[in-house]
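Chain order of the listed sequences is A and B.
282 is the number of the first residue of the first sequence in the numbering used here; add one for each residue after it.
282 is the number of the first residue of the second sequence in the numbering used here; add one for each residue after it.
Please keep in mind that the hints were generated in silico from the structure rather than gathered at the bench.
Remember, it's a predicted structure, so these values are computed and weren't measured experimentally.
Fair warning: there could be bad hints in the mix.
Copies of the same chain look alike in the list, so a pair counts if it fits in one copy or across any two.
Below, computed lysine-lysine pairings styled on DSS-like, alpha-carbon distance capped at 30 Å [said to hold, decoys possible]:
hint, residue 1, residue 2
1, K613, K413
2, K449, K413
3, K588, K449
2 protein chains.
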Amino acid sequence: MIAQPAPKPEILARREEIVAALHALVPGDGVISDATRLKPYETDGLAAYRQVPLAVVLPRTTEQVAAVLRYCHCNGVRVVPRGAGTSLSGGALPMADAVVIGLMRMNRILEIDLEDRFAVVEAGVTNIGITKAVEGDGFFYAPDPSSQLACMIGGNVMMNSGGAHCLKYGVTANNLLGVKFVTIEGEVIDIGGAHLDAAGYDWLGIITGSEGQLGMVTEVTVRILRSPEGARAMLAAFNGIEIAGAAVDAIIGSGIIPVALEFMDKPCIHACEAFAHAGYPLDAEAMLIIEVEGSEAEQDELLARIKEICARFDPISLKVAESAEQSLAIWKGRKGAFGAVGRISPDYLCMDGTIPTSQLPNVLKRIGEMSEQYRLAVANVFHAGDGNLHPLIMFDANDPDSFHRAEAFGADILKLCVEVGGCLTGEHGVGVEKRDLMTVQFRPRELDQQRRIKTAFDPQWLLNPSKVFPLEGAPVPLAAE
Amino acid sequence: MIAQPAPKPEILARREEIVAALHALVPGDGVISDATRLKPYETDGLAAYRQVPLAVVLPRTTEQVAAVLRYCHCNGVRVVPRGAGTSLSGGALPMADAVVIGLMRMNRILEIDLEDRFAVVEAGVTNIGITKAVEGDGFFYAPDPSSQLACMIGGNVMMNSGGAHCLKYGVTANNLLGVKFVTIEGEVIDIGGAHLDAAGYDWLGIITGSEGQLGMVTEVTVRILRSPEGARAMLAAFNGIEIAGAAVDAIIGSGIIPVALEFMDKPCIHACEAFAHAGYPLDAEAMLIIEVEGSEAEQDELLARIKEICARFDPISLKVAESAEQSLAIWKGRKGAFGAVGRISPDYLCMDGTIPTSQLPNVLKRIGEMSEQYRLAVANVFHAGDGNLHPLIMFDANDPDSFHRAEAFGADILKLCVEVGGCLTGEHGVGVEKRDLMTVQFRPRELDQQRRIKTAFDPQWLLNPSKVFPLEGAPVPLAAE
Numbered sequence: 282m283i284a285q286p287a288p289k290p291e292i293l294a295r296r297e298e299i300v301a302a303l304h305a306l307v308p309g310d311g312v313i314s315d316a317t318r319l320k321p322y323e324t325d326g327l328a329a330y331r332q333v334p335l336a337v338v339l340p341r342t343t344e345q346v347a348a349v350l351r352y353c354h355c356n357g358v359r360v361v362p363r364g365a366g367t368s369l370s371g372g373a374l375p376m377a378d379a380v381v382i383g384l385m386r387m388n389r390i391l392e393i394d395l396e397d398r399f400a401v402v403e404a405g406v407t408n409i410g411i412t413k414a415v416e417g418d419g420f421f422y423a424p425d426p427s428s429q430l431a432c433m434i435g436g437n438v439m440m441n442s443g444g445a446h447c448l449k450y451g452v453t454a455n456n457l458l459g460v461k462f463v464t465i466e467g468e469v470i471d472i473g474g475a476h477l478d479a480a481g482y483d484w485l486g487i488i489t490g491s492e493g494q495l496g497m498v499t500e501v502t503v504r505i506l507r508s509p510e511g512a513r514a515m516l517a518a519f520n521g522i523e524i525a526g527a528a529v530d531a532i533i534g535s536g537i538i539p540v541a542l543e544f545m546d547k548p549c550i551h552a553c554e555a556f557a558h559a560g561y562p563l564d565a566e567a568m569l570i571i572e573v574e575g576s577e578a579e580q581d582e583l584l585a586r587i588k589e590i591c592a593r594f595d596p597i598s599l600k601v602a603e604s605a606e607q608s609l610a611i612w613k614g615r616k617g618a619f620g621a622v623g624r625i626s627p628d629y630l631c632m633d634g635t636i637p638t639s640q641l642p643n644v645l646k647r648i649g650e651m652s653e654q655y656r657l658a659v660a661n662v663f664h665a666g667d668g669n670l671h672p673l674i675m676f677d678a679n680d681p682d683s684f685h686r687a688e689a690f691g692a693d694i695l696k697l698c699v700e701v702g703g704c705l706t707g708e709h710g711v712g713v714e715k716r717d718l719m720t721v722q723f724r725p726r727e728l729d730q731q732r733r734i735k736t737a738f739d740p741q742w743l744l745n746p747s748k749v750f751p752l753e754g755a756p757v758p759l760a761a762e
Numbered sequence: 282m283i284a285q286p287a288p289k290p291e292i293l294a295r296r297e298e299i300v301a302a303l304h305a306l307v308p309g310d311g312v313i314s315d316a317t318r319l320k321p322y323e324t325d326g327l328a329a330y331r332q333v334p335l336a337v338v339l340p341r342t343t344e345q346v347a348a349v350l351r352y353c354h355c356n357g358v359r360v361v362p363r364g365a366g367t368s369l370s371g372g373a374l375p376m377a378d379a380v381v382i383g384l385m386r387m388n389r390i391l392e393i394d395l396e397d398r399f400a401v402v403e404a405g406v407t408n409i410g411i412t413k414a415v416e417g418d419g420f421f422y423a424p425d426p427s428s429q430l431a432c433m434i435g436g437n438v439m440m441n442s443g444g445a446h447c448l449k450y451g452v453t454a455n456n457l458l459g460v461k462f463v464t465i466e467g468e469v470i471d472i473g474g475a476h477l478d479a480a481g482y483d484w485l486g487i488i489t490g491s492e493g494q495l496g497m498v499t500e501v502t503v504r505i506l507r508s509p510e511g512a513r514a515m516l517a518a519f520n521g522i523e524i525a526g527a528a529v530d531a532i533i534g535s536g537i538i539p540v541a542l543e544f545m546d547k548p549c550i551h552a553c554e555a556f557a558h559a560g561y562p563l564d565a566e567a568m569l570i571i572e573v574e575g576s577e578a579e580q581d582e583l584l585a586r587i588k589e590i591c592a593r594f595d596p597i598s599l600k601v602a603e604s605a606e607q608s609l610a611i612w613k614g615r616k617g618a619f620g621a622v623g624r625i626s627p628d629y630l631c632m633d634g635t636i637p638t639s640q641l642p643n644v645l646k647r648i649g650e651m652s653e654q655y656r657l658a659v660a661n662v663f664h665a666g667d668g669n670l671h672p673l674i675m676f677d678a679n680d681p682d683s684f685h686r687a688e689a690f691g692a693d694i695l696k697l698c699v700e701v702g703g704c705l706t707g708e709h710g711v712g713v714e715k716r717d718l719m720t721v722q723f724r725p726r727e728l729d730q731q732r733r734i735k736t737a738f739d740p741q742w743l744l745n746p747s748k749v750f751p752l753e754g755a756p757v758p759l760a761a762e
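Excised from the complex, chain A in its bound form (with noise of 0.2 Å):
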């Protein structure tokens, strides 16, 4: 179980002040504090772990939260703001003494400018929701997170989310123009446009990622792109991990970008067959989806550069889909990956590191040692092009022992990116899950410098503070006075 700071008890004390304050700032249904309907936010995409909080809001204009934050601020009471609660890495986990401030009522699409290019929403729309507003017109919004019917745009702000595509278009820090950002002071701050760059310091840099604790972002300017004219998957599938790995890194090697090179292992292949029926090659020990766009001849000699690659590999079949559904079903299984192994193990855990892609075939074969040690069953599915693993650790909820052996394991990956020369998290966030990690990658003094920032935005340390760093360090202290 992880560690949560002590509530406050003299705001446990004052819970019901509190949750009538909120009511005056957020009149009708906006606020929640009654247990039944507290419920549905104890926790987020990372299930493990839950606690109720105080109470929620849930504001529809940037002026509502300006004044919980500002109410909050004033009063000591920490916040946990709150997207769609996909967070693969706890970073809506709530605190008991906590104020959890939802986004989902700010879900209004704003300005669209198609001949500048740009999309203004409120940070409460989905993912999809974004694309759906411009598709008709021939335009799209890139970064794909596989939660992305579900994921709000605010949320992926905040964790600057991927997605399968990010090969070729970036992650939402690369498709982010603008956002309107409000304080826990409750200012608030515009912060880029749709323009390119910016003066002063890249701050709209430092809020994508910085996991809900610097402020809370209620509107959002995106680039938005030109549909590319047609786009086509192929499988290409080998003998063993090592294999692929070696191919993925051959295609990036040779300077190709396709939009999306994503690669499955043989636990992973099964359970996404049988969900999604695409065709996947049961037989083959890995497996690549690549996928390239642009006009029909632009088509045609990439996946012809490509197959004559992976030929290299002794491949066990080569298979261009030949329709637009053939090409859907073969993402349909990829994007159901996570939901595929949760039909096979109801509990697992999901890994986000990234590695040099020269050492992919090296990682594999250690991730496959430690199943063996750990005596757990991993899949491994992940975006290969840009060496983001997302190892599946399947475990038994139900087993504490299992669980921390699941964690030890998790860990163990981990530590074992940051030694090849990666990263401790690609697009998931370090949220709670990864938060005691961080002195793997950092030294004490580089934690302490990113502590400062926080301190600069927040001085009272009451915006998620229990995310991201390890608990002890922290210059406010987050145990109860």
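Position chain B against the provided structure of chain A, taking the given hints into account.
Chain B only, in chain A's frame:
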């Protein structure tokens, strides 16, 4: 003339002692303190402003940089970091009581990893030096400031430099993987590395473009890319600058992203042609340089589509380079544009605003009107594809009135950029030049939050303190105590 903070009298009084201490930290010929040898350091690429520093230090190692910063921190001595001194916004302008720390002796290539496509170099390596080190193996480093023969990668990081080819490849921030960072306290921190993304805050992001105000960078890890199979440039000449602006908007709006899309108006075409003899169309009011890359077939297809779009705007001429030599000549003219304008007007101010590309026709028209109003010629040359303007305002430095009009003209252009939804600076930074214009872009609360970030890194405001922010309002008084 630009206001400089008053020097601290107690530091000026201790000059000999400080120089002796620096000599002990950086032995040999690493400290410059005599007036003649200090003279070359009194200014940078923004030659309009000059100030001889207290001393110049030229360390050879990260440890020496750390030792000098630690000494300055303990003794309250201001520091101005310097790369090649090519800043166009006065980012390296010294202060009378400051020690300039120059990076030019830290110029070693430390590691090249072709398999994982990164290079680790010392901060004083020139921008072109990185490409030179890898081009034999078919790789290159993408951002290409016009000053790339001289400017250093450490300076590129601090100013988040761009260049003509950033339309496709992004600016420094998009090609940077990690830095070795030295704090004002003299602590050495590794940030980022040869992997995707980073755990914790995006402080690699906030350091990129921080203009020497948060710390110094001594080593840089950059992404290197496979060189394209080939590239070809074309020229498109038009009867009016607004027509050319509309053509840019149509090309970008079509979804094509050329590798570069550059704009020159008539005064600039004439100045560059006289210098480069590239066959520029002297009868045109405006000209675009459009470059595409890829296989021969890809180049042919993209050029055909671009020609078809340009043809809708009644062009005077459309000319595709037929050889590598012709492409080089076309680029020689563009990359030498600032120097070429310098041949017709010894003194000019180069502005650096960005605007949404749909505003190009409108903004170019307004700049033309201002040129008449201020009675100063202006040459427009800029990265049109990403809306990054570089109007060159010509004036006579021997005529103070002409200089003041040039400053006012420049400020009006940048205010216009902000007014139409753009930004004060695209790639040159704020420096001293745009310091006082930051209030046009940001409200006091927004500036204050950025200042808090600086204070979190540099509590005494010793690092390049007279840049980026208006002098009034700094949390640490910048005038003499």
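ask   = Between copies, within a copy, both or neither: which fits K588 and K449 at Cα up to 30 Å?
value = both (19 Å within a copy, 26 Å between copies)
query = Given a CA cutoff of 30 Å, do K613 and K413 count as a within-copy pair, a between-copy pair, both, or neither?
reply = within (18 Å within a copy, 44 Å between copies)
ask   = For K449 vs K413, is the C-alpha pair at or below 30 Å within one copy, between two copies, both, or neither?
value = both (21 Å within a copy, 26 Å between copies)
When the structure is compared with the earlier hints, no violation turns up for any of them.
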